[in-house]
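Colleague: Just so you know, the protein sequences line up as chains L and C, in that order.
Going by this note's numbering, the residue at position 292 of the first sequence is 292; the numbering climbs one at a time, nothing skipped.
This note's numbering runs 1000 ahead of the 1-based position in the second sequence.
If you're looking for bench data, these hints aren't it; they were derived computationally from the structure.
These figures come from a predicted structure and were not determined experimentally.
Mixed in with the good hints, there may be bad ones.
[To be verified] Some, not all, of what chain C presents toward chain L, calculated at C-beta under 7 Å:
1) Tyr1054
2) Thr1057
3) Arg1134
4) Leu1156
5) Ala1162
6) Ser1163
7) Ile1166
8) Phe1168
9) Asn1246
10) Thr1247
11) Phe1248
12) Asp1250
13) Thr1253
14) Ser1295
15) Gly1298
[Said to hold, decoys possible] Listing some non-contacts, in silico: residues in chain L with all C-beta distances to chain C over 12 Å:
16) Ser85
17) Ser163
18) Thr221
19) Ser236
20) Gly249
21) Asn267
22) Gln272
23) Gly273
24) Glu314
25) Pro316
26) Gly319
27) Tyr334
28) Gln355
29) Asp371
30) Lys392
Where a beta carbon is used, it is the ideal one built from N, C-alpha and C, also for glycine.
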Amino acid sequence: MEEPMTDNHNRRTFLKVAGGTGALGLTGLAGCAGNSSNGDGGGDSGGSGDTITLGGSMSLTGDNADLGRLYKDAYQETIDRINESGGVEAGDGNTYELEMVLRDDSTDASTSRSIYQELIDREGIDYLLGPYSSSVTLPASAVAAENEKPMVEGGGASPEIFSQGNEWIFGLLPTANKYAKSYIDMALAQSPTPESIAILAEDGTFSQSTAEGARNKIEQTDLELVVDQTFPSGTSDLSTNLGRVRDQGADVLLLCAHQKHNIILANQMESQGVNVDAAMGTVGSLNDSFKGEVGPNGDYIYGPTSWDINADFEDPVYGGTQDFVAAIEDNYDYTPDYHSAAGEAVIMTFVNAFQSVDELTPTAVRNAIRDSDPFSTVYGDVSFDDSGVIAKNMLIRQWQPEPGLQTVYPSSVAQSDPLYPMPDWSER
Amino acid sequence: MSTDPDTSGLLRSILPPKRLDRLFDLCGAHGWKLIGAGAVVGALPPVFGLREGYMMTVLSEMFLFAILALSWDIVGGQTGYPSFGNMAFFGIGGYATAILVKDAAVSFPIAMVGAVVAVLVFAAINGLIVLRLRGHYFAIATLGILLAIQQVTRNLDITGGASGKILFDVPPGIVFYYFFLAVLVVEMAVVYYLTQTRFGFILNAIRDDEGKATAMGFNTTYYKTAAWMLAALFTGLAGGAYGLFNTFLDPQTAYNGAWNVELIAMALMGGTGTVAGPVIGAFGLHTIIEYVESSFVGWQLVLLGVAIIVTVIRFPKGVVGTLRAYANEMDYYERGGMAATDDEEVTTDE
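With the hints as constraints, model all of the structure from the sequences given.
Modeller: See below:
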């Protein structure tokens, strides 16, 4: 019986002591941190010496790691080739090798700010590679603006990124509100003409922007929006929402989400026998890893792309688009998609700017990117509008049982006609 | 409590228990001064030139996490009610401020007042309901609150729905540095003060044996709700500033489930039921996280998990608790194997 009382007395003193110790800890730690910060005040420019360092974060782990890898590999392959061919002959008369520092943000928007601050202050990086996903890009772009460092990104497509008056951010993807436009146009050009559409949207910034763009587009057509549901990004079950799609008899299905949910969609459509005339996932549905996961369940599914893999744009590093495709296939054992090509164009945007400035400073490089005439990369011609977004529209591709992934819209660049409507599951 | 023979041998030669015990007593006797000194030292870096950049961000985040961990400990450590829903207060504070600043063009200080009111109303309503539960029922209920409010936020237009709120035109980083530091110092002072009051003793009595506390005539629901609202107040203040600090707030960031686990781990690693423990745990764990994120790219979650597991296994009482137990060892032997009393310490309390 005595013990609790002793315990309480001890605790009482203990708490007093602990309070003091806490203050001591606060004092010591704050002091240490304050001291260590004094040494990094005016970090050398990423352009000092013979090396220019490009730095950023990427989704190297977590749900979007498959997509993050596409960027990382494209960055690294392009940088390696540039260095192997002698480096970048900058406009200031010097030749530089390129280096890359890439952190992992796990697609977590709360990590973005400190990662980019660390890259700028401790690594001394002046030229920033954007992260993947709009929610991570938004705080990262704010850090770029605060520190006046140009950021070029190929992984954030929300229009909000470019509507903040931020002059330091440049995006290589068409904004998210354009993702569904070509798909809806394509569906309306088919026979029988679809009458209804369902939207299932993940609750992220990008996917919501995509869904909003789709709703605006639908309002301009005769399509009836029969299902419009948002689901949490953490979910691994779309069955309830797919049940709604089936019950409402939607002709066209649009999934505004990333690769994980595209995989869930394809498999659960099959297991629940959800039949629609066309289904498209906005991100990750055109990757080899998507098709590898879902097998034949992925047949007939559409996806948007800002890049036609069959095109052959000239590129100063690879020669042309097909050389880039071959390089990625040979060295990384997968077929690149538009994320890869956008990654290459991110590096080339910086290289083009470095070549055209008289003095290698972040402001001069930012101005050179902004004012650049269109230049050719494996991704196509690159130039940016006043808000920092590339002028591009989406193409539509479809997984076809034979011969596989095909560009199906617009007809001017189509490899084959869309297989429309998708056959019912009972007929496959 | 005995410590590991291997480590204790080395530790004894460097810091004998008796000396550590005296150090604890010294800190206890000068707790207010130490908090004041900590506040002064914390305020110094900007004076000496640290006014922006990475270190300012990291220190601001350290203060932020210390606020969150100490707030959790008011209910989880001092009162014995482990909550998994504290981030609900954080998110509500964040969204209230974001809406007031962005949509109503209210100034930051006034928006913070609005955020505090919103959080306290929310905490009062929920506290009266969930604090009737105990143990894992309480833990699950608080988790439910967090998930529910996240879902509600996701579906409201005023919060920006799933897309969240973008807050680009915000005060400079130094404002948030001092804001988080000030809130932390005030919170430490409040908790330190309360631990010496009847209110604090009753919270501890609830933790140790709520049935007996009730039998002694205390309205435990009142005290638990008051502690819950106090935790909500400081968590909401932190959340209110965080949205602007981060320039972006969406349901995933505002009601960050991973942070909810992190702040509990911080309190456990530092030592629950103490004033210093959660703060030390927050500073220590956040330092580890920052180091691992930049040095072991792609392995940060694995290494973080290992660090937490090792700490919990090796130091189940946390840093402060383990050191305190070690310092008390000699008392046990000096008193002939009897449990140490703290008559002298009680005297110094008065």
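Colleague: Next step is simple, just say for each hint if it's right about the structure.
Modeller: Taking the hints in turn, this is what the structure says about them:
1. At a threshold of 7 Å, the smallest CB-CB gap from C:Tyr1054 to chain L is about 4 Å, leaving the interface hint in force.
2. For C:Thr1057, the shortest C-beta to C-beta distance to chain L is roughly 5 Å, which falls under 7 Å, so the interface hint holds.
3. Annotation: C:Arg1134 was flagged as interfacial toward chain L, and the flag is violated, the nearest CB pair being 18 Å apart, outside 7 Å.
4. For C:Leu1156, the suggested interface contact is broken, since its CB lies about 12 Å from the closest CB of chain L, more than 7 Å.
5. Residue-level restraint check for C:Ala1162 holds (minimum Cβ-Cβ distance to chain L is 3 Å; threshold 7 Å).
6. Contact between C:Ser1163 and chain L, as hinted, is supported at the beta carbon level, the nearest pair being about 4 Å apart and thus within 7 Å.
7. Below 7 Å, beta-carbon pairs count as interface contacts, and C:Ile1166 has one with chain L at about 5 Å; its hint therefore holds.
8. Evaluation of the C:Phe1168 hint against chain L yields a held restraint, the C-beta minimum of about 5 Å falling below 7 Å.
9. The interface hint given for C:Asn1246 is met, as the beta carbon of that residue sits about 5 Å from the closest beta carbon of chain L, less than 7 Å.
10. Because the closest C-beta pair between C:Thr1247 and chain L is about 4 Å apart, less than 7 Å, the hint holds.
11. The closest approach between the C-beta of C:Phe1248 and any C-beta of chain L is roughly 4 Å, which is under the 7 Å cut-off, so the hint is satisfied.
12. A cut of 7 Å between beta carbons decides the hint on C:Asp1250: the least distance to chain L is about 6 Å, and the hint holds.
13. The closest approach between the C-beta of C:Thr1253 and any C-beta of chain L is roughly 5 Å, which is under the 7 Å cut-off, so the hint is satisfied.
14. Nearest Cβ of chain L to the Cβ of C:Ser1295: about 10 Å, over the 7 Å cut. The hint is violated.
15. Because the smallest distance between the Cβ of C:Gly1298 and any Cβ of chain L comes to about 5 Å, under 7 Å, the interface hint for this residue holds.
16. With a least CB separation of 27 Å from chain C, L:Ser85 remains clear of the 12 Å interface cut-off, as annotated.
17. Its closest Cβ contact with chain C, about 9 Å, brings L:Ser163 to no more than 12 Å, contrary to its assignment away from the interface.
18. With 12 Å as the threshold on Cβ separation, the claim that L:Thr221 sits away from chain C holds: the shortest Cβ distance comes to roughly 24 Å.
19. The beta carbon of L:Ser236 sits about 15 Å from the closest Cβ of chain C, which is more than 12 Å, so the claim that it is off the interface holds.
20. With a minimum CB-CB distance of about 25 Å to chain C, L:Gly249 clears the 12 Å threshold, and the non-interface call stands.
21. Its beta-carbon lying about 24 Å from the closest one in chain C, L:Asn267 satisfies the requirement of being farther than 12 Å from that chain.
22. The beta carbon of L:Gln272 is kept farther than 12 Å from every beta carbon of chain C, the shortest such distance being approximately 24 Å.
23. No Cβ of chain C comes within 12 Å of the Cβ of L:Gly273; the nearest lies about 29 Å off, and the non-interface call holds.
24. Annotated as non-interface, L:Glu314 keeps its C-beta farther than 12 Å from every C-beta of chain C; the closest such distance is 34 Å.
25. Taking the minimum C-beta to C-beta distance to chain C, about 30 Å, the non-interface status of L:Pro316 holds against the 12 Å cut.
26. Consistency note on L:Gly319: stated as away from chain C, and its beta-carbon is indeed over 12 Å from all of that chain's, at 32 Å minimum.
27. The non-interface label for L:Tyr334 is consistent with chain C: the shortest C-beta to C-beta separation is roughly 19 Å, beyond 12 Å.
28. Against the 12 Å criterion, L:Gln355 stays outside the reach of chain C, whose nearest CB is about 30 Å from its own CB.
29. No beta-carbon of chain C comes within 12 Å of the beta-carbon of L:Asp371; the shortest separation is about 24 Å.
30. L:Lys392, annotated as away from the interface, keeps every beta carbon of chain C farther than 12 Å; the closest lies near 22 Å.
Comparing the model with each numbered hint stated earlier shows that hints 3, 4, 14, 17 do not hold.
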